[in-house]
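Residue numbers (UniProt numbering), protein chains in the order written: chain A, 1 to 114; chain B, 1 to 114; chain C, 1 to 114; chain D, 1 to 114.
These are computed hints drawn from the structure, not numbers from a lab.
Quick reminder that beta carbons are idealized off the backbone N, C-alpha and C, glycines included.
Check before you lean on any hint, since a few could be wrong.
Said to hold, decoys possible - Dumping the calculated SDA-like pairs for lysine to any residue here, alpha-carbon to alpha-carbon at most 20 Å:
(1) D:29 <-> A:71
(2) B:54 <-> D:45
(3) D:60 <-> B:52
Said to hold, decoys possible - Stretch by stretch, here's where chain B covers chain A in the computed footprint (C-beta under 8 Å, at least three residues):
(4) 54-61
(5) 67-78
(6) 92-102
4 protein chains.
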Amino acid sequence: MYNDFFKSITEQSEKFFSPAIQFNQLVAKNIEQLAKIQLDAAHSFTETSVEQLKTAAEVKDVKSFIDFNASQLSAVNKLSQQLIEDGQKLTQLGQDFKDNLETISKESVKAAKA
Amino acid sequence: MYNDFFKSITEQSEKFFSPAIQFNQLVAKNIEQLAKIQLDAAHSFTETSVEQLKTAAEVKDVKSFIDFNASQLSAVNKLSQQLIEDGQKLTQLGQDFKDNLETISKESVKAAKA
Amino acid sequence: MYNDFFKSITEQSEKFFSPAIQFNQLVAKNIEQLAKIQLDAAHSFTETSVEQLKTAAEVKDVKSFIDFNASQLSAVNKLSQQLIEDGQKLTQLGQDFKDNLETISKESVKAAKA
Amino acid sequence: MYNDFFKSITEQSEKFFSPAIQFNQLVAKNIEQLAKIQLDAAHSFTETSVEQLKTAAEVKDVKSFIDFNASQLSAVNKLSQQLIEDGQKLTQLGQDFKDNLETISKESVKAAKA
Numbered sequence: 001m002y003n004d005f006f007k008s009i010t011e012q013s014e015k016f017f018s019p020a021i022q023f024n025q026l027v028a029k030n031i032e033q034l035a036k037i038q039l040d041a042a043h044s045f046t047e048t049s050v051e052q053l054k055t056a057a058e059v060k061d062v063k064s065f066i067d068f069n070a071s072q073l074s075a076v077n078k079l080s081q082q083l084i085e086d087g088q089k090l091t092q093l094g095q096d097f098k099d100n101l102e103t104i105s106k107e108s109v110k111a112a113k114a
Numbered sequence: 001m002y003n004d005f006f007k008s009i010t011e012q013s014e015k016f017f018s019p020a021i022q023f024n025q026l027v028a029k030n031i032e033q034l035a036k037i038q039l040d041a042a043h044s045f046t047e048t049s050v051e052q053l054k055t056a057a058e059v060k061d062v063k064s065f066i067d068f069n070a071s072q073l074s075a076v077n078k079l080s081q082q083l084i085e086d087g088q089k090l091t092q093l094g095q096d097f098k099d100n101l102e103t104i105s106k107e108s109v110k111a112a113k114a
Numbered sequence: 001m002y003n004d005f006f007k008s009i010t011e012q013s014e015k016f017f018s019p020a021i022q023f024n025q026l027v028a029k030n031i032e033q034l035a036k037i038q039l040d041a042a043h044s045f046t047e048t049s050v051e052q053l054k055t056a057a058e059v060k061d062v063k064s065f066i067d068f069n070a071s072q073l074s075a076v077n078k079l080s081q082q083l084i085e086d087g088q089k090l091t092q093l094g095q096d097f098k099d100n101l102e103t104i105s106k107e108s109v110k111a112a113k114a
Numbered sequence: 001m002y003n004d005f006f007k008s009i010t011e012q013s014e015k016f017f018s019p020a021i022q023f024n025q026l027v028a029k030n031i032e033q034l035a036k037i038q039l040d041a042a043h044s045f046t047e048t049s050v051e052q053l054k055t056a057a058e059v060k061d062v063k064s065f066i067d068f069n070a071s072q073l074s075a076v077n078k079l080s081q082q083l084i085e086d087g088q089k090l091t092q093l094g095q096d097f098k099d100n101l102e103t104i105s106k107e108s109v110k111a112a113k114a
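Using the sequences and the hints, build the whole thing.
This is the structure:
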């Protein structure tokens with residue numbers, strides 16, 4: 001009995017839920033990309049920060065202070081570049097997300113009219 | 001005796017370290033802005049996600065499923081917009097950082113020649 | 001017609017899905033608590049770090065270096081205490097989560113047998 | 001001339017700054033451990049969440065809903081266990097941090113008296 005109940009629901013609901021499923025898969029895919037960008041950024045930023053913190057903690061005379069500032073300069077240059085690139089990735093991801101939503105909405109309306 | 005030692009170091013080092021201090025203050029200011037952008041983003045993303053998770057957990061029939069998908073659509077629209085804006089903020093911050101570094105470098109060279 | 005279809009599914013599915021819904025609400029509640037603990041920790045850690053970074057960037061002589069180290073000591077003491085408390089909160093949350101899961105599982109089995 | 005100035009500062013400051021350097025190295029080491037615990041936790045939590053989000057987005061009938069709930073149960077069990085372990089790690093790290101601070105303080109006092 002349960003089998004029939006399940007099968008009946010399955011068939012009727014597949015058509016009904018199809019746009020929602022497509023939409024939720026898009027959300028999942030985009031959250032995955034967002035998580036990847038932000039985790040990579042957190043990883044890279046933490047690695048650089050900890051490295052600089054360790055170098056700063058080694059400063060014990062003028063020479064090591066100069067060395068630290070040189071490495072700080074290079075770390076900050078790397079960070080600026082990463083910020084620019086991560087910013088572009090996030091902006092692009094937001095735009096893709098918007099475009100995909102629009103496409104799905106249009107297809108939904110078309111399917112509903114068909 | 002210590003007082004004299006401190007005073008002597010202080011005077012001589014202030015001139016010597018001045019560009020490094022200016023640079024480190026710039027780094028601190030930019031890290032603060034970066035932290036603010038990322039913490040705000042994490043806060044807003046978490047709030048929306050938890051809200052959606054709670055709405056999803058309330059889904060118990062077709063009506064609540066439709067309601068959930070409507071709220072999901074609005075959440076995703078908000079997220080897309082936030083990604084675009086955060087991306088632009090990060091890119092701008094990275095660019096400002098680079099510009100400031102260049103200005104400081106030029107001033108350092110000028111001061112060293114003077 | 002759709003109304004009848006919805007109503008029929010609703011009635012039949014409510015009983016069937018009830019344990020899953022209860023479980024998903026528990027998950028949502030616990031994720032919310034976890035997010036709160038971690039966001040608060042990130043906020044507090046970032047605030048302290050940025051404050052220390054700004055103080056470090058002000059170091060320009062022996063006096064400000066001594067001041068920085070005193071404030072560093074107090075910041076680290078605060079951080080240690082926060083780590084201990086956050087650790088206890090996470091451990092407690094994990095344990096509550098486990099206990100709740102067990103309770104729900106037992107109730108599910110009982111309900112299935114009834 | 002600069003060489004002599006540097007050498008003189010170096011020698012005099014090494015003794016003076018030694019406890020501060022030791023302390024800052026301890027801070028750097030502990031921040032590194034904290035960052036590792038939190039990044040690993042964020043990575044693992046994100047991976048599980050994205051996996052569950054993708055599985056949830058595949059739900060299209062009762063069978064896939066049951067599958068999703070089974071995988072949700074296993075994910076939550078894993079998360080509870082991870083929370084308990086991460087909590088213990090953070091608490092331990094906070095305690096180690098405190099103990100190390102005390103040891104350094106005592107050694108500083110002893111060195112100052114010697």
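Evaluation of the provided hints:
1. D:29 <-> A:71: Distance of about 19 Å is within 20 Å: holds.
2. B:54 <-> D:45: 18 Å, holds
3. D:60 <-> B:52: 19 Å, holds
4. 54-61: violated (count 0)
5. 67-78: This one holds; 5 residues, not fewer than the three required, reach chain B with a Cβ under 8 Å.
6. 92-102: holds (count 7)
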